[in-house]
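Throw the hints in and build the complete structure from the sequences for me.
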Amino acid sequence: MSQLFMKGNEAIAESAVRAGCEFFAGYPITPQNEIPEYLSWRLDEVGGVFVQGESEVAAVNMIYGASCAGKRVMTSTSGPGLSLKAEGISYLAASRLPAVIVDVARTGAGLGQIKPGQNDYWFVKSPGHGGFKTIVLAPHTVQEAVDLTYMAFDLADRDLAPVIVLADGVIGAMMEAVTLPPFKDTYPDKTSWILNGAENRESRIISSVTNDLNKLESFHVYQKELYESWGRKDVMVESFMASDAEYIIAAYGTSARIAKTAIRILREKGIKIGLIRPITIVPFPYEAFEDLPYNNVKGILVTELCIPSQMIDDIQLGVLKRIPVHTFGRGGGFIFSPEDIIDELNKVFSLED
Amino acid sequence: MSQLFMKGNEAIAESAVRAGCEFFAGYPITPQNEIPEYLSWRLDEVGGVFVQGESEVAAVNMIYGASCAGKRVMTSTSGPGLSLKAEGISYLAASRLPAVIVDVARTGAGLGQIKPGQNDYWFVKSPGHGGFKTIVLAPHTVQEAVDLTYMAFDLADRDLAPVIVLADGVIGAMMEAVTLPPFKDTYPDKTSWILNGAENRESRIISSVTNDLNKLESFHVYQKELYESWGRKDVMVESFMASDAEYIIAAYGTSARIAKTAIRILREKGIKIGLIRPITIVPFPYEAFEDLPYNNVKGILVTELCIPSQMIDDIQLGVLKRIPVHTFGRGGGFIFSPEDIIDELNKVFSLED
Amino acid sequence: MIKVIVNKKLCKGCELCTDACPLKIMVLGDVLNNNGYNYATQKDQDKCTGCMRCALMCPESAIEIYK
Amino acid sequence: MIKVIVNKKLCKGCELCTDACPLKIMVLGDVLNNNGYNYATQKDQDKCTGCMRCALMCPESAIEIYK
Amino acid sequence: MKNIYKKSSIISENAFCPGCLHGVASKLIAEVLEELQIHQKAICVLPVGCGTLNMESLKLDRVVAAHGRAPAVATGLKRSLPDNIVFTYQGDGDLASIGLAEIIHAANRGENITVIFVNNSIYGMTGGQLAPTTLVQQQSTTSKFGRNTSTMGYPIKMAEIITQLESPTLVARQSLDSPRNIIAAKKIIRRAFENQMNHKGFSFVELLSNCPTNWKMKPIDSLDWMRSNVIPYFELGILKDVEGGK
Amino acid sequence: MKNIYKKSSIISENAFCPGCLHGVASKLIAEVLEELQIHQKAICVLPVGCGTLNMESLKLDRVVAAHGRAPAVATGLKRSLPDNIVFTYQGDGDLASIGLAEIIHAANRGENITVIFVNNSIYGMTGGQLAPTTLVQQQSTTSKFGRNTSTMGYPIKMAEIITQLESPTLVARQSLDSPRNIIAAKKIIRRAFENQMNHKGFSFVELLSNCPTNWKMKPIDSLDWMRSNVIPYFELGILKDVEGGK
Amino acid sequence: MENSLLIAGFGGQGIMTLGQIIGYAATKSHLKATYYPSYGAEQRGGTANCAVVIADQEIGSPVRNKLNHIIAMNEPSFKRFEYNLIDQGSFFINSSLIKITVKKEKANVYNIAASELAMDIANIHSANFVMLGAYIAATKILDKNIVAETIDDYFTHKKEIAKISLIAFDEGFRQISKLGGKGCHDTTFK
Amino acid sequence: MENSLLIAGFGGQGIMTLGQIIGYAATKSHLKATYYPSYGAEQRGGTANCAVVIADQEIGSPVRNKLNHIIAMNEPSFKRFEYNLIDQGSFFINSSLIKITVKKEKANVYNIAASELAMDIANIHSANFVMLGAYIAATKILDKNIVAETIDDYFTHKKEIAKISLIAFDEGFRQISKLGGKGCHDTTFK
Ligand SMILES: Cc1ncc(C[n+]2csc(CCOP(=O)(O)OP(=O)(O)O)c2C)c(N)n1
Ligand SMILES: Cc1ncc(C[n+]2csc(CCOP(=O)(O)OP(=O)(O)O)c2C)c(N)n1
Ligand code: SF4
Ligand code: SF4
Ligand code: SF4
Ligand code: SF4
Ligand code: SF4
Ligand code: SF4
Ligand SMILES: [Mg+2]
Ligand SMILES: [Mg+2]
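Protein chains in written order, with our numbering: chain A, 53 to 405; chain B, 53 to 405; chain C, 884 to 950; chain D, 884 to 950; chain E, 49 to 294; chain F, 49 to 294; chain G, 13 to 202; chain H, 13 to 202.
A couple of the hints might just be wrong.
[What the hints assert, rightly or not] A short, non-exhaustive set of chain F residues, derived as facing chain E with CB atoms under 8 Å:
(1) S57
(2) L148
(3) A149
(4) G158
(5) L183
(6) Q186
(7) M200
(8) G201
(9) Y202
(10) I204
(11) E208
(12) I209
(13) E214
(14) S215
(15) A232
(16) K234
[Claimed, not checked] Residues from chain H shown here face chain A by an in silico Cβ test under 10 Å; the list is partial:
(17) A38
(18) T39
(19) P74
(20) N77
[As the list claims (entries may be wrong)] Calculated pairs, PhoX-like style, for lysine-lysine (alpha carbon to alpha carbon, straight line, at most 25 Å):
(21) F:K55 - D:K886
(22) D:K891 - F:K266
(23) E:K264 - G:K171
Calculated directly from the structure, the hints in this document are not laboratory data. Even glycine gets a Cβ: it sits at the ideal position worked out from N, Cα and C.
And the structure:
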């Protein structure tokens, strides 16, 4: 497979095309603009449909419609746009419609700044009203962004549910070599539930509302079981130099790759340090933290490109306060360097003393 | 003080008026319609302003504007509308604008059902993009809805931040006797930051964006400190018959008052059971669970009017898996009865055996 | 001959047909149907011209007309 | 007498003034300012009629005119 | 004997209040789709509002859109299934208030869909609040003393606004208050669906309706009120009809 | 010597690209506010878009609204501070796309505010995507082969739509491409603020502008393009002017 | 004391009004009370119901599935709630519209031809107040005069309705007082 | 091997193009590479910069604050990043626009009058390629021919620009090769 040097956003877009995405609706927002820009001509080439929605609200509801028709659908956005899609994502989840939603996160609440940040972690854990969850995949390289986007379509179709790919401004804007996946040629059969006219069959309804409260409650029970099943079979986590580690960095996405450099530097100095990197934010790899060798591990540093830490609670649900857990982050769109992480480790754990 | 038999929604509205709310913008949605309906004439009586927004998005941005002018402002909604307000709430938080947001929760994601539910717990924990939090107050009686709404305005002004009152369809729709608080006559002085024309002073800007990344990062650090300060001084929790309890029910809002009836019934049978009721969802009363007498308490049942449980993680962050924690809920808009809770307790703890 | 049949199960007693009938021969009866509505009936079948106004107006499609 | 003064700090060398000047006496100079722009200057002060077209057009309000 | 008027086979018992003209709007659509023999190709995008109640009674493929977003959902559907017949059924709160951007942009893009807009001058489903279409001085639960134009503005004329746009090919307004107008309404609904079948683009049919429950009137009185207040303000007729389409 | 043209004291160095007419729109507002002596009462509601860049350079009380929501924010401000001068400054993506419902409803309610609408036919800030106002066949980063009317519709004429509504009292369109038009634009901006001072209600001024960066043209070429493409489509003039107001 | 009552019937039968008036009257009587309307899609046409709890101490759950009293105004609600009545609970039945008999054992059943009685007084719309009168007479849960006052207050701007409602209320009260009278018979311990 | 380069200058000086071309060329050379543009509000007017990391193993952080190499095209970026250069790092300076001297000790400094040289070739817009030539010549981090090929590919639809860019690239390369030549002097270990 030949390697292409590609921008993260464009690689995500091309991966979606190869995964069989036939319908994309989006609305411009930095730092993800290359996704709609690329798809605006690329989908046309492969016979798909691109629509620039009049807003994020419209865009998410357009993919809602196209998903009803059985298409593989995607939308992408960043922070403020994700807020505007909250209602639509909730509708997708409640109507059991597959869809892929890409969030290329930036920093800060409100308008914030278009600079990168890992600020949407809390939000994507339940990105809308009504108490639902979606699978959230968090790539830390362009290659992984490609692979997870590709996979997201399959997960969405498997569960008939929206799936979120949570990238950040660094992943979206950077270029890196990637191997693109092949074009998908088989897709799950959706003929049993999609809307395409009630010809020779009973008419159907796709709806997030029902007057049959028992049916609604059954759906809530189903949701509960679905989320539990994710916990059993869909957790993805990378353990990097962590098996003998006395200190653990917990990080996802861009901050994890920065942490890797820090770890390499420290390992060269003989310090036993490793990384546990959640690849799925939902379902969260609690077990990776529950099952740490607590006789050996002395402490954990959670590093994120945001302030305050948003992952800390999930980590503690695994660690259960058995060892010290510290947090380190930069806000305001600043990106910490490997050296910054090393400094912080020295500060909280007196590593190199 | 005379007692009035009032509908929860109207009581919340009148309490807001007495707290000095001068500007309300909303959009109809069941089960909170009596709030805007009441305020549509009531605010006029007291010289305030009521605007029916063209949508929830418009409504939240209207209060954003009025808050810039230094007014005490409120909006109210239910589930789907809260999703649409996510971006605006994030802007309020990032622009440091005080505002009160009432969510009278219903059941289900998507359109769901207008029947009551406690389905927005996850969502209100970070109701928008960008990694921010708001104080969330959760009343379990109409009186408490009145008191917490009244208090919400003061908290919002103290922190220059949005505050959420999380009620549910039962609290909103039911009638109960209340004692209304007096009209506020003094308010915090906001002249140092509001917009009212740069006359005899420097011009000002209210904004959630700044090109000065250091300033933005300082704000993120400030947010972190603010949230930590809430944890130290703003936690509210009710402990009901819990001091000698061997079994604890953890519940908030309507499910807590149902639990109280169940507890009274069981106490009459000599069973040592009590309730820990978070009044503030954010900041969550972790300590109440951390500091349980674990030599005495045998188990916890979390009861919520939703499926799956949304409060369980917060409880575990306090309990740290030291004793069994079970969850019980009804979805689909069903309301469990005290007897249902008792049955569940018997099932999981063999209480009455 | 014209035959106007009101489906009493569907009728909600709204009286729109009684209003629409130019001859005022559609009326509400005294008896309640299962949903608690006094349903419509035609009181003077012979006069009916089959103009269909009643049926067109009925929001419940409760009126069928035969000729 | 008319005096046209370009604030070289503000000028972004967009040439809108050079286009707007009916006498084409506004031109960009060779020197870069601090922001890296070749800024505008008036090359033939005597011809200037003070019509203000250059100043009206300037998005930077970089042109002041004295009479 | 020959049956000269019968219930369309694609509707069943509806859930509207007694005397609500939503019932008439819905049955006309059912009749037209059946007559044109396109009911097996049709997909109905329902709104959030009393129109949602059609979800139990219209026997077509249906989807319930988020409040106001039916035109966006219809866009996604129609672009995916260009050979199906896609239409939205929307109320005035849904279409003219929260969903204003969506309807105007779908119209402006010239989506080849049909929009049936049931304008009853009020928020029916939520209990009678002011709608953008509520008449001047009309009372509602959020305009207790009547619509005050100085703070609430004037009733929005959606058909007129849509007409302003380049792309739409058929824009009309009819009323459901009388058998005669119902016949005219059916005719224009039929035209609107034929337009879509002929790939002529965006059609918009506004149907003036009532809400006896929230107008707090007996159904027959609500018709009188429509005739003396609603219809004079919202003029009936075909506002735009581009022959041949685009 | 007398200074006959100088920089308004309420603007400082702006952050727009070289040759961007946002600079002209902003300076005209500054000049008018200063001339009317209302700059100390004025509150500017900025959009999300290149107009946001005014946040560093306009020395007035300012607030940055969420993308498209400036009219809602202005509603909240003006209803709270009826004696201040409240205006929005919005781009075409902001006002005509995501914020379409907000602008139309603020206009329909007749809010006593002034709206300055800088229409540059593109999303400037985000790097040149198709806007609702992008001209037919015009290229953008999301319409690589030009605006295709059959899928993207036609450029929306906002001033014409606002004119349809009952409440607005002044609606006009001018262009910033030439000194002559700039003078006319300033005049109408002044009228729009006077309107507000006189409590006449909603005023809407659309200003045709450029985006040399994303049109990928030299600034002076962008003016030519405006003259030969933009202005012919978006006709200049006063579309509505209700004397005496309400 | 803690008493749970459910009132159920068609939309339009004044179910909610009744529940609220009982709540107001209880508050006036210095008792605790909650009123909870079951709102929902079902209101259009189908059944409407509300729950009223009266107690002398803080009320926990405002909704109960063990009911002390039921006022049933039509058949569907009769059927739906019959088995929620506790043993020894009281069932107030609008016998004008409900032709089924109570299957539940150990219930106090009061059949009141409320719709007919209301028709005799003025119109069918005051049937709810007939039931209220009967309910108060039979349960004595609230003082008759306080309830009457409350009705008067409730319709303070609708004097005519107040008058008719009070007559209907009295009539219902009378039916029980004179136990065994027309349209009312006590079927205790069936 | 892991090498971090920062390229900085005014917007419009072709900073991003340069970074991308180095990334493409590294990929072509079977090396790992990351390119990360600093995007942001500052792009309008102010400085633009991008980070390029080249390595023979998986690259962790694409952004470094310890830089092996800096290419500075204007003064503000010179000032901003000077102290991020590691000891023994190399500093490539467009001496046409930067008149300050490097204060940092232990740096290899290459002053190239890139803007002037570019002007001599065609126009100021190819100054970046002059710098690229110098950079490749001095660091030998990539093969000259592969970089030249990459430039050609990059402007595949803009033959004219490709031609000029290659000439500029060669010129920059030549400046370093003939070390000590016009506009270029090595100030190692200042
Ligand atoms: C986002 C959102 N906001 C508000 C609501 C509540 N809601 C339900 S229906 C409705 C409006 C109904 O009015 P209209 O569209 O005129 O339809 P009608 O019932 O009158 O036919 C509203 C506001 C909702 N479900 N979702
Ligand atoms: C909710 C939301 N969506 C999208 C964006 C990204 N965004 C920033 S500016 C802009 C549009 C700018 O275009 P326009 O309004 O025409 O202003 P211009 O820059 O052309 O003056 C967009 C889409 C955002 N900040 N927030
Ligand atoms: S119009 Fe139809 S529903 Fe109404 S009364 Fe007549 S038959 Fe019955
Ligand atoms: S068909 Fe005509 S005349 Fe006959 S009942 Fe109906 S409306 Fe009356
Ligand atoms: S118009 Fe202004 S900014 Fe542009 S070149 Fe002239 S003086 Fe400079
Ligand atoms: S004032 Fe008129 S003539 Fe003088 S330089 Fe400016 S544009 Fe030219
Ligand atoms: S509430 Fe109004 S619009 Fe809705 S069904 Fe009833 S009468 Fe019709
Ligand atoms: S991007 Fe376009 S609109 Fe924005 S400042 Fe630059 S030229 Fe102006
Ligand atoms: Mg309506
Ligand atoms: Mg624009």
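Hint check:
{"no.": "1", "hint": "S57", "result": "violated (36 Å)"}
{"no.": "2", "hint": "L148", "result": "holds (4 Å)"}
{"no.": "3", "hint": "A149", "result": "holds (4 Å)"}
{"no.": "4", "hint": "G158", "result": "holds (5 Å)"}
{"no.": "5", "hint": "L183", "result": "violated (12 Å)"}
{"no.": "6", "hint": "Q186", "result": "violated (15 Å)"}
{"no.": "7", "hint": "M200", "result": "holds (6 Å)"}
{"no.": "8", "hint": "G201", "result": "holds (4 Å)"}
{"no.": "9", "hint": "Y202", "result": "holds (4 Å)"}
{"no.": "10", "hint": "I204", "result": "holds (6 Å)"}
{"no.": "11", "hint": "E208", "result": "holds (6 Å)"}
{"no.": "12", "hint": "I209", "result": "holds (6 Å)"}
{"no.": "13", "hint": "E214", "result": "holds (4 Å)"}
{"no.": "14", "hint": "S215", "result": "holds (5 Å)"}
{"no.": "15", "hint": "A232", "result": "violated (24 Å)"}
{"no.": "16", "hint": "K234", "result": "violated (28 Å)"}
{"no.": "17", "hint": "A38", "result": "holds (8 Å)"}
{"no.": "18", "hint": "T39", "result": "holds (4 Å)"}
{"no.": "19", "hint": "P74", "result": "holds (5 Å)"}
{"no.": "20", "hint": "N77", "result": "holds (4 Å)"}
{"no.": "21", "hint": "F:K55 - D:K886", "result": "holds (15 Å)"}
{"no.": "22", "hint": "D:K891 - F:K266", "result": "holds (20 Å)"}
{"no.": "23", "hint": "E:K264 - G:K171", "result": "holds (19 Å)"}
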